[in-house]
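Asks: Assemble chain R onto chain B, guided by the hints.
For the protein sequence lines, the chains are B and R, in the order given.
Under my numbering, the letters of the first sequence match residues 3 to 291, in that order.
Under my numbering, the letters of the second sequence match residues 3 to 639, in that order.
Derived by calculation from the structure, the hints in this document are not laboratory data.
Glycine is no exception: its CB is placed at the ideal position from the N, C-alpha and C atoms.
Each hint can be trusted.
Reference listing, derived: stretches of chain R covered by chain B, where coverage requires no fewer than 3 residues with Cβ under 8 Å from a Cβ of chain B: (1) 474-485; (2) 553-560.
Just a sample of chain R residues kept apart from chain B, beta carbon distances all over 10 Å, derived: (3) 320; (4) 404; (5) 496; (6) 628.
Residue strings, one per chain:
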Amino acid sequence: MNASVISVILYLLLGPVVGGLLAGSDRKITARMQGRQGPSVLQPFYDLFKLFNKQAVVVNNVQDFLVWGFLVFIVFTGCLFFSGGDLLLVFFALTLAGIFFIMSACSANSPYSSMGAQRELMQMMAYEPMVLLVGIGFYIVTGSFAVKDIIVFSNIPAIVYMPGIFLGFLWILVIKFRKSPFDLSTTHHAHQEMVKGLTTELSGNILALVELSHWYENVFLLGIVGLFVMTSDWWSGLIAVAVCILSYFLEILVDNTFPRVKWEVMLKSTWIVTLIAGVINIMILTLIK
Amino acid sequence: MPVIAFLICFPFFAAAILSFMKKHGKTRKYFIFTCCILIVAAVLYFVTDALLSGKNATYLTETHAVDTLMLVAEIGIMGLVIYYGVRYKKYYVALLSAAQTGLIVWLELSGGSEIEGMHIVADKLTIIMCLIIGVIGTLICVYAVGYMKDYHAHHTDFKDRRPFFFAMLFVFLGAMFGLVFSSNLTWIYFFWEITSICSFLLIGYNKSQEAINNSFKALWMNLLGGLGFAVAIVYCAKQLHVVELEKLVTMGTGTEIALIPVILLAFAGLTKSAQMPFSGWLLGAMVAPTPTSALLHSATMVKAGVYLLIRLAPALSGNLAGMMVTTVGGFTFFITSLLAISQSDGKKVLAYSTISNLGLITACAGVGLHEAVWAGVLLMMFHAVSKSLMFLSVGAVENSIGSRNIEDMHGLIVKLPELAFIMIVGIAGMFLAPFGMLISKWAALKAFVDSNSVLLVIFVVFGSSSTLFYWTKWLGKLVAMIHNSERLPNTTKGSEWFSLISQAFIMIALCISFPVASLYLVEPFLGDMFHNEVPAIISSGNVNIMLMMLCMIVILPIAVRLLTFGKKKKVVMSYMGGGNAGNDRSFVDSFGDKKGMYLANWYMEDYFGEKKLLMPSLVLAAAAIIILMVIAIGGAL
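The shape of chain B in the complex, shown without the other chains:
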């Protein structure tokens, strides 16, 4: 069996485990930051199992189809990425998954989930340019969009060439991880003017699917973080894991430090960061190429 098949199988099997542990440690660290004891690191798994065993309460019969679509395409995105596929296609698949999720909220015809859907769309519009620039940055540096070519490109990590893009990506990770200050559409924080936003009308085993998709998604996103530091040397994998953990910790810190902002602030700041960090980085890359 070749490497890409193995990594896809590993992603399929270990993705939820790693994702769940990340969620668990997130809750633990957040609790400690707030001076609480916090639940066990395994708590997200208990929650997930419990959700899976609950009956779903739905408002219509297409919701589960749309949520399944979300899960399937998130997993597909991750598989495509870990099998060494084309970065732009990976991002396009991610967008498709996101649209399935938004559709599940829109189909509910409910005020809270509908508001969540519009906000989620706004979030997508905010982060999409930066996500595409990440792909473009890798292409300019390594001459290929394919992840399998990017990692073996040289023994200098890509982050050396694209620090700005890396910073921009960390910025939009706040949105993607649904962390405060950019957790507009739905959040794990308790104080909420819009109930649960996007997921208001999802419950029981359907909500469990959403949770599972998020775990897969988070692992995939950290995979991209890792891609910035991966080189042809084997030990760079260890550094990549370390950088991922650090980034994740940073996101938790940001989550607990900043209050939620309005969408205008999110859109403007994210686009400005994209323009300054991302675009200038791309300009320099095209100049020195």
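Replies: Frame of chain B; chain R shown alone:
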């Protein structure tokens, strides 16, 4: 060869007969259907014949008689424009028309255009265009038969001028065939002018004040482009002694000799493809009945503009003309996709999206690299099908629910499920992942990065994200499931259904078969145009991934049904903080009264509204065009 003559002449002939068929009823209906079938059959015959022979064909060197005929027709068109200009007191239109026709007449009479050259050419791009015009264009004509009947039932205040309307549709098709088969610049110009005047007449169809104003707007903008075209022809003939487009392009590739005509032709292409600052005419065109919009936006008119730009592509690569085209195209793509966010009128969103997509195609042509042109041609194909599908379904919805506002399409999947499904296919075709537009966007992005144009990359990444926004929120409106909604009576006629369903199938078939189209049509065309072997642009691995995603979308509903089989779900009302007033459409407000719930999309007028963005962007685009043209022409002279 006879089939080409048939394709060009037959629609004119059909139009002539149609304009005399004043009686509404079956005879005219079946006459139109027959004409459409004949055109499609001829197109298919031509395409198979051309593909089997595998060669590009050129015909006709000696055409004195036809040239004279065209000259007379051109003077006739000028007379028509002057007549309308004087009648509605829009004298500038008359002036523009007189100036360009004067130039051409002078050139012809002084014998300046009698330069050895082919007049008719049929290569792979011609085949693609023929398929678009022949198949999509005729399907729109078929749709128009049923639609116009309803249109006049709804709008009794407008004068019923259907014979004229159908005649104009066919004239349009004939002119487009003529345009794509011509290789001589004066011939292209002749058909170019017919499409301009035709769109003018079609936009002004219902003769309301708004329609008349908008039709004149379309006319002067296109005539301005036509003027650029005429000057380019005169310059080519007098200075460079060429009359063939292909020779001009070859001459202009890599050198600066042909820069002036190339930039003038590119300017004409920009006006016709409604790029900023000339976007106004296409937006105004939506006052016309839906088939007109569909025809202008998908199969004809604007496609003539990008067709010319694609033909010019090699001569645009890396010079000021190319810079003008890419800057304006990229900028238009970005700004109009932002503007589309603030619109709730379905047709207006479609209009902005057309301009936006044309901007992308324009930018691809301006870059002039083979992969960019590949993306441009594919974008053009996908756009033609999905945009026509979208317009026709919006028209059908409008005839059924009496509104084309996207807000009123809330819950369409319950009210008019068939039309909603067709619309979902159309929207998915416009921007979603496994469908074709996206793969072309992938190639376009790659080409822009390869050409080192950072500005273009910025336009594309920001433009794509706003494109995502306005399409997805439309999609969200369609899929809202409201409890206890009634299905509405679907008033869509048989001919309209036939057209809609065929196009939905073509859309899906194109998504599945685009690698084949790329291999047999687009890549050979690029090979001819750039005179070398073109490497495969998209790897087979990526094609397989796209097909895999397409299969997943098809399998998903069935798989989910199987997975959730036997699982019991409890269906409840949506959550309104406990304030539901017995259903999910109304709630109890703070006074204890029942209040209807209304869920609106975000339009954000303050940020993306026309008031805020339109004027500055028109000024910027106009400035870019003027400055770049002045520099280019001044530098070359």
